[in-house]
Structure formats: C-alpha cells, structure tokens
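Novice: Residue numbers (the numbering used here), protein chains in the order written: chain S, 1465 to 2018; chain F, 148 to 354; chain E, 3 to 360.
Careful: at least some of the hints might be erroneous.
Stated by the list, open to error - Straight-line distance between alpha carbons at most 25 Å, and here's what the computed SDA-like set of lysine to any residue pairs gives: (1) S:Lys1886 x E:Arg76; (2) F:Lys354 x F:Pro212; (3) F:Lys354 x E:Arg78; (4) S:Lys2000 x E:Gln204; (5) S:Lys1493 x F:Pro212.
As the list claims (entries may be wrong) - Listed below are several chain F residues computed to face chain S (Cβ distance under 8 Å; list not exhaustive): (6) Thr175; (7) Gly192; (8) Phe205; (9) Asp249; (10) Ile282; (11) Val286.
As the list claims (entries may be wrong) - Pair ranges (Cβ atoms, derived): (12) S:Gly1597 x E:Gly217: 42 to 52 Å; (13) E:Ile34 x S:Tyr1594: 49 to 59 Å; (14) E:Asn161 x F:Tyr351: 51 to 61 Å; (15) S:Val1940 x E:Gln204: 35 to 45 Å; (16) S:Arg1574 x F:Ile352: 20 to 30 Å; (17) F:Pro212 x E:Pro281: 11 to 21 Å; (18) F:Ile352 x E:Gln204: 55 to 65 Å; (19) E:Arg74 x S:Phe1752: 44 to 54 Å; (20) E:Glu271 x S:Gln1617: 50 to 60 Å.
These are calculated hints, taken from the structure and not from any lab test.
Where a beta carbon is used, it is the ideal one built from N, C-alpha and C, also for glycine.
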Amino acid sequence: MATTTLIPKAEAYSRSWVIEWLTTVDHKKIGILYIVNSFLFFFAAGILALVIRSELAIPGLQFVDEATYNQAFTMHGTIMIFLFIVPVLSGFANYVVPLMLGAPDMAFPRINALSFWLLPLGGGLIFAGYLFGGAAAEGWTLYPPLSNDTYSQGVGTDLWLIGLTLVGTASILGSVNFIATIFKMRAPGMSLFRMPIFVWTVLVTATLILLATPVLTAGMIALFIDRNYGGSFFDPTTGGNPVLWQHIFWFFGHPEVYIVILPAMGVVSEILPVFSRKPLFGYRAFVFATIGIGLLSFSVWAHHMFATGQVALPFFAFMTAMIGVPTGVKMFNWMATLWRGSISFTTPMLFAIGFISMFLIGGISGVMLASPPMDFHLHDTYFVVAHLHYVFFGGSVFGVFAATYFWFPKMTGRRLNERLGKVHFWIHFIGFNLAFFPMHPLGISGMPRRIADYAADPIWMFWNAVSTVGAFMIAVSIIPFLINVVATLINGERVGDDPWEANTLEWATTSPPPPYNFDRLPPIRSERPVFDLRHKHDAEHLAAEGLAPTRGEA
Amino acid sequence: MSVEARTGVSADITPHVEIERREVGMPTPLVGMLLFIASEVMFFGGLFAAYFNARATFPGPWRPPEPAHELEILPLALPLTIILVASSFTMQFGVWAIRRGDQPALRRWTAITLLLGITFLAGQLYDYSILGFGISDGVFGTVFYTLTGFHGAHVFGGAVGLTILLARAMQGQFSARNHVAVEAVSMYWHFVDVVWIALFTTLYILK
Amino acid sequence: MGRIQAEPWLRRMGRTALPLLMVVALAGCGMIPPEPETEGGRAVFSLYNIVFAMGLAVFIGVEGFILYSVFRYRRRDDRLPQQLHGNNLVEIIWTAIPTVIVLILFTLSMIALGQVEARSENPGVEIEVEGFQWQWTFRYLDDDGDPANDYTVTGTPANPPVMAVPVGEPVRLILRSDDVVHSFYVPQFLIKRDVVPVPEGQEPNIMEFTVTEEGTYAGQCAEFCGNLHADMTFSVEAMSRQAFDEWLAAGRAGETPAPSAEPEGQVVEVTADQIRFEPLELRAPADQPWTLRFTNAESVVHNVVIYDAENNEVFRSGDLTGPDATGDFAVPALPAGEYTFICEYHPVPDMTGTLIVE
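One chain only, chain S, in its complex shape:
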C-alpha cells in the first residue's frame, strides 16, 4: 500500500470497456455501478407504486386482483428500501468517501466489488418470484405466521429470504470496508474531527449496518428453516412465538431507518454550507447528534410493536421520544447554517432545502407515533405510510437527488442542466406532497394500510384520488431528470474541476478524478480544506479561522 510501482508498459495495457466495468475494483467505477443499478431498481419499484396507486384511485378492484396487489406493495417496499435507497447512498459514499478522505481507494477494493455484485444477484432473486408462481406477498416486514409455509406456499417467499440474505451480506461487507477505510485510509492531517460530515454519517451508518443486519440475517435463516425444514421458531402451533420475528425484524428495522436517513442528512450537511457559503453551524454538535441517533436507534425498535400488547410501552415510548432530541439539534444546525448566509438556489440546494422541510413533517409525525395511546389509533393506518414516505422519500430520496445533482459534475466533468433540474424539482416536490400528504388525513380517519380495496367513503375517495394524481406527477418529474442525464452526458456544459466552489477534498482533484484520485493534496487544517485553499490569500479569513500560514508556506 505504501508504494506504487508504475510499470512502463501500462500505457499499452487496454481491454474492452465491458470487461473493464465488469471487473473493476476502482471505488469510483463501483460507486457509479451502485448508483446506476439502484436507479434501475428505483424505476422498477416506482412502476409497482403506480400499480398500487392506480388500484387505489377509486374504490373497487379495477386493474389487479388481491394477490397481485399484495405482491406489488411487498415488492415495492422491499426493493425501494433494500435495493434503491440503501445501495444508492452506498454508491455515493463509495464514490465520495475515499475522495473526501484524500485516499487512493477503499481499504478492500476487491471486497468492495464483491459487495456490489451481490446486489443485482440478490435483487434478481427477489424479483425472480414473479417467474415462479408469484413474488413474496406478505408486506416487506414478512410477519409470520402469514409468511410461514402454511399460509404462503409459493417459492416467492423463499427467494425473498435468500435474495435479501445476499443483499444483507453485501451491505455487511460494504460496511466493514467503509469503517476500515475511514479509520485506516485518511490522508495526513485528516483527523477524525476534520472529516466532512458526510463521512461521519457514513461511519455511523456503516456501524449500524454492521451490528443490525446480521440479526436480520439470523432471523431470515430461522424463518427459512421454519418454512423448509419443519422448524418451529415462529410457529405458534408447535410452541414457537410469532412475535419473536417482529422483535428480530425491528431490532434490525429501526436502525435500518437511520441507515437510510443518516447518509442523506450527511449529503444535505455538505450541500447547505457550500451554497450558503458558510461552514456548517455546530460541526461537533452535529457529529455527536449523529452518534447519539446511532446509539439510541438500538433501543427503540419495539415502537413498531405497541399494538402487539407484548412490549414494555413506557420504556420504548421514552427512548423513542428521546431520539427526537438529536434529530431536533440537527434541524436547528441546518437552520443556523442558512441564517445570514449567501444562498444560491442551485438544483442541489433546492433538493437540500426540500429535504429539511419535508423531513421535518416526517419527524413531527414520527414523534406523534412515538406516543403509545396515539399509536393505538394510528398504527398500521395510512398515517404510518405518510410518515414513512415523508422520511424515506421526502428525506432520503430528496437527499439522493441532491447528491446526484451535486456530484454529477465530479463524476463526469459536466454539470446537469440547471433549468431542467429546477423543472424536475418543482414537479417532484408538488407531486410528492400531493401523493403523500393526503395519506395523513386518510390514516387519521382510519384507513388501514395494505388493503387492495376500501369503503366508498367520500372523504377517502377524494384523498385517494389526489394521492394517485400526485404519484403520477412524481413519475412525470422523472422524465426531465432522465432527459437531463442523457443530454448532459452527450453534450453537457463542461464546468471544470470545482464548479460549485465547494469545501471538501473531492473537489481538489480533477473531475472526473484519475484512477488513484490524487497526485497531490492541499494542506488539511479544517473540515473545509478546499475552502481554506481558495481563500488562503484572504488574510482576514485565515486569521479568523486560526489558520495563519505556517512558516514553510509563507
């Protein structure tokens, strides 16, 4: 690792680009593979969402029967969470983290490639249920006994279990890689508290994946044994306990929520300072809040199970309420970062501001659900669906698009068209709110989730119709995005190495970066080395930051 020998013949070395992409161990190429693969799954799961919303537009069964509908929402949830949001954020992390740390690559490049290639394999297996008599249809939570061999006989559920075990293993290996990279590969001068916030969120996320995912793996293996080898873990007729699965699933599942949201928070915490031209307010507080969320996330799982009547309500209600505190601190930090800034409305900035305003709604509804008496009413209704989409979609997916617009020039050297980007943002933003805000009143008035058909109540009909319109608007908003990506790749504006006047090390190399990232690095004396470099002649600034040039440099 310490020395790199350049073989003179290297220039003559060439292979077809197909082989190159299939066998690459370069973290940047793997990152792009992750992102492209995730977006393909995003579109597939999005089509399933449209199937769901079409069916729910008006009461009665018009397009699909119950079995198809149940498969659709099961696969929609599974694919969106496990094969879109988590891997797409891993993809950005893969691309950006080594660059941000000033490292030449990830710690284990070949394991990195393995953890990517397990994803399309696992995702393919999960989808393969459709080819063998129907995909899994028990909801993405797969509660037994519904998911055991008596009530779900098809092979779809087994494929779901195998596929998701592979995907889980991939993310465990990926998180080993991230943690090792962050601890062992930082450039000289890059101390832990000079790391970009995005790297911090990836570190905490990777730790959550490392500790939570294996528990789900154990649970899925147990369910597989129940289904195929006559086991009785979750089968009440032979002495097993179905609620045990819920404990195992949510012990993983709640950290999973933070696995999904923390890196998106990190993205936003990188973008807001750049386009406010100010540092993130309260860097250390933000780091501690991230760590706090990570720690607390292991003690709140049973708030998904208040209605089972088998959990310690006060304890879990208290811990769940407490996790609102670090989240609130982050919200204040973002607000203070905007305060008295110099704000430019680029597309990434719009998505970042969209993130904090939409995530806020998800946060408030989350605090409401943390109260057991209110949860007895709202649990398993559309209110929960609204809440989780404001967190996953209004939060994470907005973060994903912010990251896409922000780092696209880094990956390609070309900036996505800003005008099309803004068209995308506004259709997306309005469509999102039309699609998911109505789910709040639907849930509050008692519409359960996961039903293929509902009573012809005029209020329910109205809100469902609005929601369906919104869902199709989101789908429409993807069109300008896709046109933008294709047109920019063919003939986009070349914007040089650092088009955004950004802060962190990934902008201190060329765009796109060379295979081993850096020939040289600027000095790293704060969490914004590129900012310091840009303003290094600004003596006033340097003095204010306590970064007066050292003797050798003057």
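On the provided structure of chain S, position chains F and E as indicated by the hints.
Specialist: Just chains F and E now, with coordinates in the frame of chain S:
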C-alpha cells in the same frame, strides 16, 4: 476566465503535501477481520436471543422431545469442548511461532489445529446421529440444531481457512514480518471457539 | 353602480387560489381524528389535539424560519458572509428545547395510556373475538362455562358480522387467532389491538372499551393478513342494555344447529385444507338427492355453498371447524348442468370449484 482561475483551486494548489502514507497501528486486514467478527457476534446474538425467547415462552419442561434423552455433557459434549478449546491454544502457538519467524513450528501447529477442528466436526456429526431428535421436532429441536449447526458451519469455514493457511505455510509464504493472514485466521478461530463455549454453557450447563 | 368589483387579477387569483385554499382547509380538518365515542378514546383525542397543536407550532416556526432565511439571505454579491462555526450557548438551548417538548409529550402520553389501558373489575359483557382468514367470529361468553351455550356470530366477506354491545358498560374483548396475526380496529374508538396467535399456555391479548354514544361504528382488520385482508370488515353496534339483551336473546333463539343427515343417495366427498378445496371439480347425479361428505382438515371455519348458473343459491352446508371435522349434508335433487361451489368465508380461486350434475 477559466474556472480554475476563478476558484483558484487546481491552478494554485501549492503548497502540496506529498501523499505519504505510513501504516500505523493495527494492519488494515486485521481491522477488517475484527469488524467482520463484530458482525458475526451480532449474528449469533440474534440466534441466542431466539433461543432464550423460545425457552422463556415454551410451555412444559425445556428438554429434547420425548423419547430422546436429556442433553448430557458426557460422553461426547465435554470431550469435544476440550478438543476445540485445545485447538485455540495450538492455533496461538502457531501465531507465536511465526512471530519469531519459526516456519516449521507454524506448519506443525496449523496442521494440529486443523486436525483438532476436523475431529470436533466429526464428533459433532456423530452426536447428531445419536441424539434421537431432529430439527423439526418442536422448538427445542429447531433451536438446538440451528445454533449448533451454524456454529458447525463456522468451524467448517475456519477449517477451510486453516487449510489455505497450511498450504501457504508449506510454500513458506509467511515470515516474522509478513504473516497478517495467520493473525486474521487465528482471530477468527478464537472467535469460533468462544461461541462454542457460550453455546456449551447455554445448552449443556444452564439447563 | 352596484357592488364593488374586485380587480380582474384579484379575481383570477381568487379563482385559482380558492380550490387550493379548499384543499388546504380540507387537509386541516382531516388532520383531526374522528370524534371519539368511547371513554378511552376521549383521552386519546385530547392528547392528540395537544400534540398536534405542538407539532403545528414547530412546523410553522421551522418552515417560516427556513423560508425567511432563503429569501432574506439570497446571494447578492461575491462577498463572503461571516464564517460562523457555532455557539455553545445557543446549542445547549436548542438541545434543551426538544428535550423539554418530548418529555412533556411523554408524560402526557403516559397519563393517557393509563386511561386507555384501564381494566374494569366486572365488564358488562365479555366477548371472545376470533380473527381468521378472512373474517371474524364474535363469541358472547356467558357465566355457565359451557361453550355450547355461548352465542356466536361469524361473518363472511360478503356479509360482515355485527358486534352488539351495551352502551355505558365496559366491554372486554379476548382476542384470539388460530392462523395469522390480525388486528381489531375501530377508528371511532381510536384504538386497535393485534390479534396474535399465541403458543399454548400464553395469554391472548385483552382489550377494553366503554362506548358512550349509541350508534353503529365501522371496524376493520388493521394487520395485513393475506389475500382478502381488505374484506375483514365488521361493525360495532352500541345500544341500550335492554336492546342488547333482546338482541342476544333473539340471536340465541335463531341459532340452528348445523344440519346433518344420514347418508342418502350417492356420497360426494370434498375436503377443505389450507384454504383450498380438494377436489375443485365435483360430479353428482342429476334429479335425485345426494349427500355431500364435507371434511374440514384445518382449524379455520369453512362451509360449502352451491350456486346455479344464474348465481342463485341452491344449497348451503353447515359451518365446520376442524381439524378433521366431517359432516354429511343432504343435497336436494338438482337438474343437470354446471354449478359453482364456494366457501363463503374464503371466496378465493382455490375455494371456488365446479360441480357438474349429470
């Protein structure tokens, strides 16, 4: 005006810091192995949680289903435990040997460890054949075979690692300075051993 | 001159803004739960309103601040704004604010929880609720301890059951399931509780409520439980004690034991197992009575109903609940032709068969 000139980054990146990387502290592969073991701890944690939950909610006495006998530490379980614990020591002797640069001793100790591991696996399989109950015989059968089975699978994985280690040691690939693979496999082997001690205590002693 | 005319642009704006305002207003109303009709529900309702008001205040404050900041501090020139890295005092204050808010919320929740979870010594009526794929059975328990005397209502997807309860008295539900997890949910009571299949020896969930207003309240299964989950609807009818007693007595009198008969004519066998009929095609002789030997191999209720080509019901068996319950049912003479037989409780393709009478 070019972007570089305006932002003053790429064109004006001096003073440069030469990218000079020295590895300090634990070697990266060992960090990776430790992290992987942490995830394995959580995996077995999940299985143990399932075991204790099943045991707590089980109606009736917690023992193998009739007509099978209760689990006994003799004649098989205790000797197998001793064999596995001993193999942890022999593994460590191998590590110490290569730290001194003693390649023949590494080969010897690795071979002995591998042999003990295989003996354990064989004993475990024989035990399965005489227990008199199966994985589908109620909750006890399910958790017993799942826990011991996954531990066995990990022993098998360790044995594969030891085999590769032995093959590499035969070719003299390790030295006092360069033997990170030996350290990594030994960490994993110790972990598998500790899991067995926890399993043995839970299944055979805390009845 | 008549009324003062609004400026045209104002009217145009009014025309576009009005529907928008209506949507916003509707959303505002929709954010308040239905008027509760139980004592526990009232506690939840007032808690909800307090928390919602707090949430709304936070929402308006934060969004207002964000909107103000992004417009007020737009980038106007290349000057660098003051590089503010943080402020310890401010950060301590805004760690304290959410802490206080969530502690208040937690305390209020625990108080409301006590009211929701209150259990009475002597409930006015005790009902065993059994959720099954995909309907409900309500078993009115009486004191004699003999299950045969309990009055039972079982619903079908096409004909959901009614649970009558007396107003003003605590109603206790014992929630049982023999198959998968269901959830008993009445939105206007603002409460639900999962119906969990528990292993032998473990207590099932209990739920209690006291209805305060006479009326009919729609309910529905809230935990996804398979294909016809959406059809697991029911209603709770709250009535005076007297009306309730009359309803129960009438129900008991109307109950008829499952029809069973000596085998007569040809015996045709059909078995229900794992929510599937075996076989799915039956053959019977035309124009003479025959016997349907119906076996239910599982612990879920099934029956057999035969419809002719015009969808008229021509035969209905009694309900059977296994495992391994068998009944012989006399079927009247049917003219030759093709009929459909179906389990009324499970109108799914696997329980919809063809009967050929020839």
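Novice: Output the numbers, in ascending order, of every earlier hint that fails for this structure.
Specialist: Of the numbered hints given earlier, those the structure breaks are 3, 4, 5, 9, 13, 15, 16, 17, 18, 19, 20, listed in rising order.
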